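Work the whole structure out from these sequences, hints included.
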Amino acid sequence: MNFFTSNKLRILGGALAVGAVALAGCGSSGGTSSSGSGKVTLVVYSAQGYDHAEVAAFQKATGIPVKLDDNSTGPLLTQIEASKNNPNWGLLWVDGTTAFAGLDVQGLLQKGYEPSVSWNSLGLQSLPKDKSWTPTGVTLMAAVVYNKTKVTDPPSTWQDLLSSKWKGDVGMNDPAQSGPTYPFIAGMMNYLGGVSQGESYFTKLKQNGLVVNSTNGPTLQALTSGRIKLALVQSSAGIGAGFGPGSDPNLTIKYLNPVTLLPSAIGIDAKAPATERKEAEEFIKYVLSPAGQKVMQSGDPYGDSLYYPVLNGVSPKPELPSLASVKTQSINPYTWGPKEATINSWFDSNILR
Amino acid sequence: MTVTTEHRGGPAPPPPAPGRRVWDNIAERTARLLAGRSVGGIIGQPIFWLLLILFILVPCASSLVLAISPRLFDQDSQWFTLTFLRQAFTGATAIAITNSLWVSGAAAGLGLAIGFPIAWLANRTTLPGRRFVMPSMWLVVLLPSWLPALGWERIVQQQGVMYRLGMDWPWVTHLIMGPFGVVLLLGLRSVPFTYLAITAGLAGLGQEFEDAARVHGASRSQTLRLIWPMLAPAIWSAVAIGFAEAISDFGVASTLALNSNFTLGTYQLYADIGNFPPSFPAASSLGLLLVAAVAIPLALQARALRGRSYQMLSGRTRQAVRRELTARGKAAVLSGMALFYVIALGVPAFGAVSTSLLTNFGSSFTFTLANYRELFHPLAGQPGQFSPLARSFAYGAIAASVTLVGAFVAAWLLAQRRQKSSRMLDFVLLAAVALPGVVFAAGYIFFYNLPMFSKIHIDLYQTQTLLVIAYIASSLPTSARVLVGAVSQLQSSLRDAARAHGAGAFTAWARGVLPVVSRPLTMAWLLTFSGIFLELPISQLLYAPNEPPASVAINDNLSTYATSFGVGMAQSVLAVAIALVVVAAVLGGYRLFAPAGWRRIGATTRG
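Order-wise, the sequence lines are chains B and H.
So the first sequence is numbered by the numbering used here: it starts at 263 and just counts up by one.
So the second sequence is numbered by the numbering used here: it starts at 6 and just counts up by one.
No wet-lab data here; the hints were simulated from the structure.
Keep in mind it's a predicted model, so treat the numbers as computed, not measured.
None of the hints are false.
Capping the alpha-carbon separation at 35 Å, the derived lysine-lysine pairs in DSBU-like fashion look like this: (1) B:K322 x H:K460; (2) B:K346 x H:K460; (3) B:K579 x B:K391; (4) B:K589 x B:K579; (5) B:K468 x B:K516; (6) B:K429 x B:K468; (7) H:K460 x B:K301; (8) B:K601 x B:K393; (9) B:K373 x H:K460; (10) H:K460 x B:K540; (11) H:K460 x B:K547; (12) B:K547 x B:K391; (13) H:K460 x B:K533; (14) B:K589 x B:K601; (15) H:K460 x B:K393; (16) B:K601 x B:K533.
What follows is a set of in silico ranges between Cβ atoms, one per label pair, in the way DEER data are often shown: (17) B:K410 x H:H179: 30 to 36 Å; (18) B:S383 x H:H179: 47 to 53 Å; (19) B:A532 x H:W107: 43 to 49 Å; (20) B:Q469 x H:F94: 29 to 35 Å; (21) B:S425 x H:F94: 38 to 44 Å; (22) H:W107 x B:N519: 46 to 52 Å; (23) H:R169 x B:S418: 29 to 35 Å; (24) B:T324 x H:A395: 27 to 33 Å; (25) H:Q163 x B:V367: 38 to 44 Å; (26) H:A395 x B:N382: 40 to 46 Å; (27) B:K410 x H:Q163: 19 to 25 Å; (28) H:F85 x B:Q469: 42 to 48 Å; (29) H:G341 x B:Q591: 58 to 64 Å; (30) H:F85 x B:K601: 26 to 32 Å.
Note that CB positions come from ideal geometry on N, CA and C, so glycine has one too.
Okay, here's the thing in structure tokens:
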């Protein structure tokens, strides 16, 4: 056999060459590909239910090309942390400011940008001092969801949940699997005076028969099946549970004072190219514009669109209860963010097991 | 001085002349090494090992090395530390790992105890309805592991369906919502792997062995006891893969196990990554322990198979004869099979139906099609459902086809048990299965997103190419294990006979070997396709923006709102139905278009 003229060698060599070219050439969905008109592709990492609608509207309005990585918050943050020595994202849009505080402390967020808009009181409470992220809306943690035909005398305070009247009837999510739940736990600890006071509260709640499920879906199913009578979930989840597809119209929500603000926010990658960061700023401006707010409120009508706006002149959707008699609080994400791993671990060891 | 050199066949070469240059000696040795070997034989194995290193070993190592050197990929400040490993051996983490070890062993055993009899009955007896066994096994593989857990919870939890139907059985609740339930669910997930591995092994077990035993006076049960050890490679493959799949599972760990207050190692690992900032070193430490754990079944396997040959498939292999079951036998077997299907398929179906077709988030008994209508008529601005499904279909088909080639090569290498490289390959492949998908995928980001690759314009992270490569790399170990039983049985006489009649190396393989392994290859292709179609953790971390696969879209709905949970369940049902259609099409296509001779190997005839 002639080694160098073998047909098999030619076939194999050709296949290897094609494979090598394909491998090198199929890279490149990073955020810096240019469209040829001075605009680069903006890479958006988002966990918001209206992000597809918002991105489509933004592209149409500005002509800036966008690539959307629509994922749950956990995987997005995992991607950012795993790739931080060579980031591929332009902006991050998720609920919860503790994540943004964590990214800010690591120097991963652009600081100093705040769009010129008229913030209402919810917006002003949610602004960071170093302008490293921009709030786009607020939900509340936690809303108490119940069936108004079965629960005619809902609790009035957080301490009421510890009474024997609600023994075995209260359910909440697992903070390790449900992103908004840690801010709820941190908010309770903040309200009660500290970590140990909060641990005492949740320990008593467990002794009173607390039921923990993974996320909103299983927790609200436990409510509708009668396993529990009160579900402590994100306000948008509780409101949507009362009128979305397959839902129970008898479900309603109540806020106990104080309730913790959970802002949705956008942060810009500090290491993105300057052009992409400018485009990210344009995206933020669009989201906070009247057109952008309209898309936010229609893009996910039974889910994330059920938020309280942070701007003057933008009203919440009619399904949302008024906050006139509700006391809201904010937690300092720079204080409570670093405690997340420890507190979640404590919750897993002492409340879940 | 006389120089002795190795040579392949022919007379020994004359000693080199004094003063001959070194490179002349090297050229001569190389020519002798290459003489008589095909191109595939020369460069095939090195390419295989290179690809294995690049796409399995390196990503695994990139992730696991963080357990002791977190600073390597900027995940912490220390270049070397044992802190995270020490933490993995303490407190609740140690308990979780211990739980994972014994649960995985029990699940693998349960998978074998159920899967082996089913494979034997379906392939070697006149079991009624045996044609439906194979498709049903694919269905069990296709179902995500959290779905059976969800179904069981809805049935047995307090105020669950069981109680609402008047069955007040707290002992059932206690049994299922505890370690027994976890072992049961993980064991049931191992059954298809066992079934496929044993079926592939049975394909090469000809009738002549049973006949020889019976001729010498062995009873039927004695014959079976003699025959079953011949399937040892397939059995041990099944145990090893069942153990590795169970130990890396997250679906059951995050649902049934969690709600039963019985935590497993994978839950702790996902919690380490889910906290912010994620603790990759802590997760890697746990991953390292899970990977090390697979050494247990491998050591047992090596001990059991040492010094034996299992090459029994040759040109003289006779078609096996199906045993006729008696009426009582049929009744007993059918009852057992029915119980298996109720538990393995009926309960998950209930979970899917109740949450996608019933109102009040599945709590009432009123049907609704609202969730399915949402699938086919999404709101303006919401993404459609069919692009992700079509994308996942393409990924599955491409990855399954490429995996098949690599898996066959790996299975052949694994069958050469006496070589050290085979044992190393065995461990690397099984370790890749034991490593949870999220850690495996993170390893891809750590390595393939290194700045040095961007500098030379190789940007693979967040491309479809790298995603498909990761799918192939994660599927190859399992497929190789399914094939090793069948490949172990191949005798070299099959290929030698073709070569003796003038066929080249490739033609000899295609005409002498391929037909006899065509059935196991088809099963391995379908197994890979089914595993990739709804694969989640790798998809979440590596998918290309704007091009999500189906699993990412489904998970998004399942994990956010209760109203979208039903839509997510409807998506899952639709995805499983589509994958099942593909499975049926491939199996039907094999039956219709494969040459009769191909289908004869491994088939049986009535006694």
